[in-house]
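Chains A and B are the protein sequences, given in the same order. Count the first sequence with the numbering used here and you get residues 225 to 555, in order. Count the second sequence with the numbering used here and you get residues 225 to 555, in order.
Rather than coming from a laboratory, the hints here were simulated on the basis of the structure. Keep in mind it's a predicted model, so treat the numbers as computed, not measured. Keep in mind that the hints are not guaranteed to be accurate.
A pair counts as met if it fits within one copy or between any two copies, since identical chains are not told apart.
Said to hold, decoys possible - In silico DSS-like cross-links for lysine-lysine, where the CA-CA straight-line distance does not exceed 25 angstroms:
#1 261 x 461
#2 410 x 320
#3 403 x 416
#4 552 x 338
#5 346 x 403
Protein chains: 2
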Amino acid sequence: MPEIRRDPVIGRWVIISTERGKRPNEFSTEIEPEMGKFCPFCPGNEDKTPSEILAYGPPERAKNQNGWWVRVVPNKFPALQIEGNINREAQGMYDKMNGIGAHEVLIETPEHKKEIPDLDDKKVEDIIWAIRDRIIDLRKDTRFEYILVFKNKGAAAGASLYHPHSQIMALPMVPIRAKQEILGAKQYFDFKERCVFCDMITQELSQNIRIVAENEQFVAFEPFAARFPFETWIIPKVHDSHFEDIQKSEASQFAKMFKNILHRIRVVLDDPPFNFILHNSPLKDPSLPHFHWYMEITPKLSKIAGFEWGTGFYINPTPPEEAAQFLKEAE
Amino acid sequence: MPEIRRDPVIGRWVIISTERGKRPNEFSTEIEPEMGKFCPFCPGNEDKTPSEILAYGPPERAKNQNGWWVRVVPNKFPALQIEGNINREAQGMYDKMNGIGAHEVLIETPEHKKEIPDLDDKKVEDIIWAIRDRIIDLRKDTRFEYILVFKNKGAAAGASLYHPHSQIMALPMVPIRAKQEILGAKQYFDFKERCVFCDMITQELSQNIRIVAENEQFVAFEPFAARFPFETWIIPKVHDSHFEDIQKSEASQFAKMFKNILHRIRVVLDDPPFNFILHNSPLKDPSLPHFHWYMEITPKLSKIAGFEWGTGFYINPTPPEEAAQFLKEAE
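Could you put the whole structure together from the sequences, leaning on the hints where they help?
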C-alpha cells in the first residue's frame, strides 16, 4: 500500500511508494515513448488493460471490445490504491495516511497517432463528457476530496505511452496548490466582493493584448503573470466553480476552443510536449462565488532549474503578450 | 528592464523578460553544457566575465587576475537588473514592479572539472564564507527582501555552463515558497511553542531511519515527506534562523558535511544532475524562533509531470528510508 505523507512545515502531501522503491540504478535512462510497437491502448488490445470503467461507442458494442471512441480504464500501474481505508495516523510529529485513491486513464481516441486537434468536434466533446462523467461517478465515493484531471503529452512532459490519453486521479485530500489557489481567490473575494477570475476575464477582454481566441462562452488567454512561455488558460466567461456542472452548450463550445488552442500550440511550437491540468473545485465544496474553473495548458519548452524549484518563483523568457500574438496569428 | 509580475490569485511573483522575448523557434534544442571548449570561468579568462565582486586568493593577487580560489562575478545574462527603482505599480487589477535585483555567479573553484567533493575541506569552507559574505553585503541594499542561493549542476538541472558554480540572487520581494514555509513554521510554533525543524531533528535522530550522516553540529537526513528520490537536507542541530549568522566552527563543520553528502550522492547515483537551494530567512526579519535555515539537495532523477505541476502534489517512487540506507552505506 502506498503511503501519503504530509510535509510538517508547508502542509504538502506526497505519495510515497513504499512497496519496493526505485533503486539508484533504475533512474538512469529516460525512455522515449515507443511508436509503432505494441500499444495497449489501441483497438483490439482491450484485454491488455484492466477492465474498462466507461466507454462511449455504438450501442451494439460489448464491454472491453473494439469499436469505442473514448475509453476509461484503471491505470495498470496506479500511484494510489482503490481498496482500503484511509487510516490517518501519526508517526511521532509526522502525519500520514494510506495511499487510497483512484487512478484512471482516459484513452482519448482509438487512433494511435491522432491528437485532439485532429479529431471531429463531436469526438472532442465526448472526451469532455467522459471527464465529466468520471468526476460525477468518483465523487460518490465519500473517501475522496479532490479529482485531478491532467495530461502529459510527450516524454519531456512525463508521458510514458504515446497513444493519446489523459489521466484522472481521485485523492483523499485537497492538494496544496488547489487549496492555495482557492484561498487566494477567497481573499480577493472577501476584499472586493467579486470573483478574481471574472475580473481577469473582464480586463483581458478589454485590454485585448493577451487574448488568443474567444467564442460565445469561452475565452483563451495568456495569463498576465505566466510562469512558462506560451502558458494558456481556457476559461468559461460565465462564472462557474465546478467543471462537472458544465452546460450542454458549454461542453460543445469548450470542446471547440480546446481543439482550437491545442492546434495553435502544435502549429506555433512544432508539436511540443505539453501538460494540461483542469483547475477545479474540491468535491465537497458547494458552488463557490470566489472560484472559477479553468483549463491550464503549459507547453514544456524551457527547463525548470533550481531557482524555480526552491522558490516557486519563475523566470519566463517570453512575455505573455508576445506569446498571445504568435498563437493568435497561427492558422 | 525585466518586469516582475504578481499572479493575482496565488500571489506568486514571476520575472518576465520584456526586452525581446524568446520566439517559438528558440526553444527547440537543449544544449548540453560543453566541456573542453572555451570557459569564461577558467583562470586566465577573468576578463571574459563582468568585473569581480569578491574573490579569495593570495594577498598579492590583483583584481580580476589569475590566482583566486573562489570568485564571485555578476551574471553576464542577469534575470534582474541592479540599477533602478523598484516602482511598484498597478496595471488594472494586476500588480507589477521593475525587475530590480542582483544576479551573481559564485565560481566555486578555478578547476574546470573539480566539484565540491574533490576540493580540500578548507576550500569548501571558503565557498561557504563567500556565500555568507555576499549575503552580508547585499542585505545593505534596502531594496532587497530576500537572497536566493542555489546551484544547478548538469544540463537536466538547468545548468548552461559546465565549470562548477552556484548562483546568488537578491530579490525585491520574498518568494512565495519561502513565505509559505516560514508561515507554516510559524503556525506550528504558535501551536506547540517549539520550532518544527528542531522537532524534526529530534525525531530523526531518535528514529534513526532517515539519517544519512551526522557530525557535532550538523545532521543530514532524507525528509519524511520527500518530494524527490534522494532529496536530502543538511541542517544545523542548534536553532538558527539566518544562515549568515553561522559561527566559525559551524562553517567548518557545515563545509565537511556538505562535501560528505555531495560525495555520497555522486557515488550512489553516478554523478547525477542536481540542484541545491539554501532555505534561509528574509533579510529584514530579525532572529526567528520558528524558522531554521537548512540546505536542500535534490538530485534530478525523475521527470516531473503534469500531475506535480498542477497540484504541488508529488509522487516519490523511492521511500526516504531506503534512500537514506543507500546514501549511508556509500563510501
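Here's how the hints hold up against the structure:
no.	hint	result
1	261 x 461	neither (43 angstroms within a copy, 54 angstroms between copies)
2	410 x 320	between (28 angstroms within a copy, 21 angstroms between copies)
3	403 x 416	both (20 angstroms within a copy, 24 angstroms between copies)
4	552 x 338	within (23 angstroms within a copy, 48 angstroms between copies)
5	346 x 403	neither (34 angstroms within a copy, 46 angstroms between copies)
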